[in-house]
Amino acid sequence: MIWHQKLGHMSEQGMKILVEKKLLPGLTKVSLPFCEHCVTSKQHRLKFNTSNSRSKAILELVHSDVWQAPVTSIGGANYFVSFIDDYSRRCWVYPIKRKADVFGIFKVFKARVELESGKKIKCLRTDNGGEYTGNEFDSFCKQEGIKRQFTTAYTPQQNGVAERMNRTLLERTRAMLSTAGLEKKFWAEAVNTACYVINRAPSTAIELRTPMEMWTGKPVDYSNLLVFGSPVYAMYNAQETTKLDPKSRKCLFLGYADGVKGYRLWDSTTHKVVVSRDVLFTERTRYNK
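Per this note's numbering, the sequence shown starts with residue 4, numbered consecutively.
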């Protein structure tokens, strides 16, 4: 089902909620067929007990965790760091080259979300990894009035929100890469796109509302969603071609550009990621080089 793929392999329950709210154009009921990519990508361990308490305001508590990739991404990243707002459950992910980059990324994240929300981060919950416990990081948080919460060694469930979010991100990433038939080196692009759709998916942690709705107070628009890994045709800029040259080239849809109107695309000729807003989509699920 095309909407299942547009939504990054969202569950049938989640899709039914969106259909009931009439948020998915052209879809009136949901009955998902067997999806091998979901089955092979979402194997779960037994659950551990978790607290049902949640913060009462945006940025009252932020969770963070770092994941190490098995391969280097096309952009040179070896890890990603995630930040999750406890109240809205909105997630942000940043691919990074080194764990030492986490502090700098946290400052970028802090500036962004505080500007967007008009609120201040009050507490940061992480594990005891060295990327979070350095003197510079600690001094910055004290200076900014941010309380620190650290989990006990070998008890990742104490940072359960971040652990579960990373698990969900990776489940979606595996399913999307599998459906598209793409190599693991595209993991960072898939993680970013997974984060984008997870922020627009109903969550039981917030009474089946979506993180973006909780964060912005506005309903989500799903009309721009596209299938990860589908072939697209992107127009060249006028200065890139002559009158007899082709006007577009075949690319691969990777995700949504951050901060600008456009899509992130993979140009297999130049082996580079390009951002374009002038794109024709065919929405077949595999990219034929």
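Among the hints, a few may not be true.
Quick list of in silico lysine to aspartate or glutamate cross-link-like pairs, DMTMM-like style, CA-CA up to 20 Å [what the hints assert, rightly or not]:
{"#": "1", "residue 1": "Lys24", "residue 2": "Asp281"}
{"#": "2", "residue 1": "Lys100", "residue 2": "Glu23"}
{"#": "3", "residue 1": "Lys123", "residue 2": "Glu147"}
{"#": "4", "residue 1": "Lys59", "residue 2": "Asp104"}
Pair by pair, the computed Cβ-Cβ distance ranges are [claimed, not checked]:
{"#": "5", "residue 1": "Glu147", "residue 2": "Val74", "range": "17 to 23 Å"}
{"#": "6", "residue 1": "Lys221", "residue 2": "Glu23", "range": "14 to 20 Å"}
{"#": "7", "residue 1": "Gln146", "residue 2": "Gly265", "range": "51 to 57 Å"}
{"#": "8", "residue 1": "Gly265", "residue 2": "Ile209", "range": "28 to 34 Å"}
{"#": "9", "residue 1": "Glu117", "residue 2": "Ser226", "range": "26 to 32 Å"}
{"#": "10", "residue 1": "Lys275", "residue 2": "Asp224", "range": "27 to 33 Å"}
{"#": "11", "residue 1": "Lys150", "residue 2": "Thr285", "range": "47 to 53 Å"}
Quick caveat, the hints were computed from the structure, so don't treat them as lab data.
Just so it is clear, the structure is predicted and the values come from calculations on it, not from any experiment.
Yeah, the Cβ is synthetic: ideal placement off N, Cα and C, and Gly gets one too.
Which numbered hints are broken by the structure, listed smallest first? Violated hints (numbers, rising): 1, 2, 4, 5, 7; every other hint is consistent with the structure.
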